[in-house]
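Read off the chains here:
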Amino acid sequence: MQDPLSLQSRANILAALRHNQPESSALPPLLYFPQAPAAELKEQFIRIATGIGSVVLTADTFEGAVELLQNTIKPGQKVLSTVPELSSDEFIYPGKDQDPHRYADLDIAIFKPLVAVAENSALWITDEQLITRALPFITQHIYMLVDISVLVADMHEASRITGLESQKYGFGTYIAGPSKTADIEQSLVLGAHGPRSMTIFLYGSGA
Amino acid sequence: MAIEAGKQTHSELAGGFNADEQRVDWHDETLWWIRQKRDKAAHGIPEWELLRETASQIKNNVLSGLAAYLENFEARALENGIKVHWAADAAAHNQIVYRILKEKEVTQLVKSKSMLTEECHLNTFLEEKGISVIDSDLGERIVQLAKEPPSHIVLPCIHKKKEEIGELFHEHLGTAAGESDPQVLTEAARQHLREVFLTSKAALTGVNFAIAETGEFVVCTNEGNADLGAHLADVHIASMGIEKIIPERAHLGVFLRLLTRSATGQPITTYSSHFKKPAPGQEIHLILVDNGRTEHMGREDFRASLKCIRCGACMNTCPVYRRSGGHSYHYTISGPIGAILAPNLDRKKYADLPFASTLCGSCSNVCPVKIDIHQQLYKWRQVIVQEGHADLAKKLSMKGMSLLLSSPSAYRIAGKSGRWLLRHAPFAMNNKFNPWYKQREMPAPPEQSFSEWYKKMKK
Ligand code: SF4
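Same order as they appear, the protein sequences are chains A and B. Residue numbers are given in full-length UniProt numbering: position 196 of the first sequence equals residue 196, and the series is strictly consecutive. Residue numbers are given in full-length UniProt numbering: position 242 of the second sequence equals residue 242, and the series is strictly consecutive.
Calculated from the structure, these hints are not laboratory results. Some clues are possibly wrong.
What the hints assert, rightly or not - In silico PhoX-like cross-links for lysine-lysine, where the CA-CA straight-line distance does not exceed 25 Å:
no.	chain 1	residue 1	chain 2	residue 2
1	B	K147	B	K161
2	A	K96	A	K78
3	B	K37	B	K83
4	A	K168	B	K349
5	B	K37	B	K160
6	B	K37	B	K161
7	B	K277	B	K37
8	A	K96	B	K277
9	A	K96	B	K201
10	B	K102	B	K129
11	B	K277	A	K168
12	B	K83	B	K102
Said to hold, decoys possible - Just so you have them, the derived chain A footprint on chain B, three or more residues with Cβ under 8 Å:
no.	stretch
13	81-90
14	176-188
As the list claims (entries may be wrong) - Chain B residues, not near chain A, derived (Cβ > 10 Å throughout):
no.	residue
15	G16
16	A75
17	H121
18	I131
19	A146
20	H231
21	E300
22	K348
No residue lacks a Cβ here, since even glycine has one placed at the ideal position from N, Cα and C.
Sequences are here, hints too, so could you generate the full structure?
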């Protein structure tokens, strides 16, 4: 299957490494830190998300969050939801086409992350939920419906959960805030190539 | 600024950069500001030092078992439907990319940030074959339009003023003459590159971490350009140096916590994308590249530089980098890490780079994987002087240092007094060797002097 040159390189690389690599050095223990109480995590999550340019709105219930969400949509905006509960006509422009090029003019895409991380406000979504992988990147604005019960303290806990056997994915990504760049004289500009804004609807008891 | 690699030394090139004093001050201040953001982010994590130590130990383990990890990674990746290629050197890497593109009759490749493809000079190679390559990271697009190499591994156009970028965009993207507002210029680039993303059938990305346990690889960006390119294309090529492996998925948390805090002070990049399987109808090709790395692995005193996760912190903190600019290093990777990587490839051509340092040790102190950068710089100096490239040392701008190094006996004395000074009066030491002294965090003096080390090495 591989071409002969690649196979030759493979053999040479592995042989050279086996000859040159140092004596075995043990792996350190996996890190785990006690998780702070939910109220603290929530406060931290909101502070950090806001700090990196996201807008956070809170509601007690999922229905409350959806109401907030609907109020932010302007007439004429093209919206696509990947959340099963939001599948009425107003949320499925232009249908669920898998060709990502179809979404070039999409205004808003809505997702329900599986994990939210308090220390950096990253939200984990996978292609199990995405209609097509390009969706969270090609949309002009991104909406996240975040159940407060998926909030964890840090990336150690997030890595553990997202790596569980049950978490099957071909593609998964942590997204923290709108796309951004500071390449021109270090001035921060939101909306580099991906979404120009991220709105997080945080809901659940205690939210 | 024309860069002719190998023709001028770091100090000569730095001299050019230093001609514009205001620009140097601005460059210095900007990078120092980023360094301060890094400090703030690091100090916000109580377990920061534990994270660094853990990352360092994980990477030591990776180096010690890399062959087996690569085999495991390959097996898992193949199971996941990723096509894996191996490249002995830059030429082999470029050939593999070309073959894939040719087979798919692709004439335009959209590329996200990849220092490895810079190292391999992929763009020039493909363009000679009639394939246009478009860098999609904003900073990289800017230096590409300016026909310059990146001057920093994380901030490719950190040396450019917004007015210069405005002129480039006016010429190439049709923005209004005199427009230099970053918001307006970024929007113009967004529109221009959207078109490119939507029309490219192939995309190339770098790789930040490749997980041996699962065969997936992780790409981190802020702009979303790697994802837009990869997901809109039929073919995704990912190029990685063989040292990018981490053993288990659970280790990823450690590195994702460290990487961007060290780089820019952000808590994490906007996107940390995990590619495990190709999407239906798409292909993912992963190229594992050696290009000198296996040989480097054999150099006991220098192999730790293979632990680098390319965060750029050592550059932002380096007083010499800040005041000489990335291009003065005349190597793909600039700054302290570039200065210890380059001599592995060509000791003569890059003989000057280990001297482009005050050895203040700030780089080692900020490095998230605890590479002993400044000690490696010291050691490279010994090797280079002993191998007879000392004439280069004479060209150094810091006369004291070159004098010190031209005579082994003077060096030995200075080595001892230097260590004494560092221990008893670090400020004096810095004043003497470092006219640009700014950083506060000083390293512990090395236990072994460098001449002691060299004696040992010669045995
Ligand atoms: S050597 Fe360390 S500080 Fe420098 S880029 Fe690499 S990981 Fe970052």
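Hint check results:
1. B:K147 <-> B:K161: Roughly 16 Å separates the two Cα atoms, so the pair holds.
2. A:K96 <-> A:K78: OK: K96 of chain A and K78 of chain A at ~13 Å, within 25 Å.
3. B:K37 <-> B:K83: 40 Å, violated
4. A:K168 <-> B:K349: Status violated; Cα separation ~49 Å.
5. B:K37 <-> B:K160: With a Cα-Cα distance of about 21 Å, the restraint between K37 of chain B and K160 of chain B holds, given a limit of 25 Å.
6. B:K37 <-> B:K161: Holds. K37 of chain B to K161 of chain B sits at ~21 Å (cutoff 25 Å).
7. B:K277 <-> B:K37: 36 Å, violated
8. A:K96 <-> B:K277: Satisfied, since the Cα-Cα distance of roughly 21 Å is no more than 25 Å.
9. A:K96 <-> B:K201: It holds: about 22 Å lies between the C-alpha atoms, which stays within 25 Å.
10. B:K102 <-> B:K129: 10 Å, holds
11. B:K277 <-> A:K168: Holds, at about 11 Å.
12. B:K83 <-> B:K102: Holds, at about 16 Å.
13. 81-90: Contact hint for the stretch 81-90 of chain B vs chain A: holds, 5 residues under 8 Å.
14. 176-188: holds (count 5)
15. G16: Non-interface label stands for G16 of chain B: nearest chain A Cβ at 21 Å, farther than 10 Å.
16. A75: Check passes; 12 Å lies beyond 10 Å.
17. H121: 18 Å, holds
18. I131: Given a closest Cβ separation of 19 Å, the condition holds.
19. A146: 13 Å, holds
20. H231: H231 of chain B is in fact no farther than 10 Å from some Cβ atom of chain A, at 4 Å.
21. E300: 7 Å, violated
22. K348: 22 Å, holds
This entry does not satisfy hints 3, 4, 7, 20 and 21, going by the numbered hints stated previously.
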